[in-house]
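Protein chains: 2
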Amino acid sequence: MKARVHVMLKTGVLDPQGEAVRHALGALGFTGVEGVRQGKVIELDLAEGTPEETVGEMCEKLLANTVIESYSVEIV
Amino acid sequence: MKARVHVMLKTGVLDPQGEAVRHALGALGFTGVEGVRQGKVIELDLAEGTPEETVGEMCEKLLANTVIESYSVEIV
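Chains as they are written, first to last, in numbering that gives the first Met the number 0: chain A, 0 to 75; chain B, 0 to 75.
Hint data in this document are derived by calculation from the structure and do not stem from the laboratory. Please read these numbers as outputs of a predicted model, since none were measured by experiment. Accuracy of the hints is not assured; some may be wrong.
Pairs count within a copy or across copies, as identical chains cannot be separated in the list.
In the DSBU-like style, the derived pairs of lysine-lysine whose C-alpha atoms are separated by at most 30 Å in a straight line are [unchecked claim]:
#1 60 x 9
#2 9 x 39
#3 1 x 39
#4 39 x 60
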């Protein structure tokens, strides 16, 4: 089974990487880009039957810094 | 409107970041993690009516290195 984890900076936390992308898109001539947020996506290849809660635990312990980042787990 | 872009390393391209995560999960006692791939997710806040092709162009020109990375665009 596969699980996909999205880790994004929480709203209000400054995202310099996203800002850099926004500026670069503007410089390339793309108009109408109002905001960019960049995060991580982690695809996990897990043993069959791993419960979703285990993936949540992985996020809490390693994958996300829950002080500034939020995460979502999706079983695919 | 919002668009979400996923950028992942192509299959066969070495992913040291993903490997590091896999080892760390093992060290934390999580068993059954057979593989980890790490990529980027970019959330774009765009002007209404921006066509999906424009987002594809942004990926080709800036967001993804198409030599080693593949991308997918999702309008949300």
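Going down the list of hints, with the structure as the test:
no. : hint    : verdict
1   : 60 x 9  : both (17 Å within a copy, 27 Å between copies)
2   : 9 x 39  : both (13 Å within a copy, 16 Å between copies)
3   : 1 x 39  : both (16 Å within a copy, 17 Å between copies)
4   : 39 x 60 : both (16 Å within a copy, 20 Å between copies)
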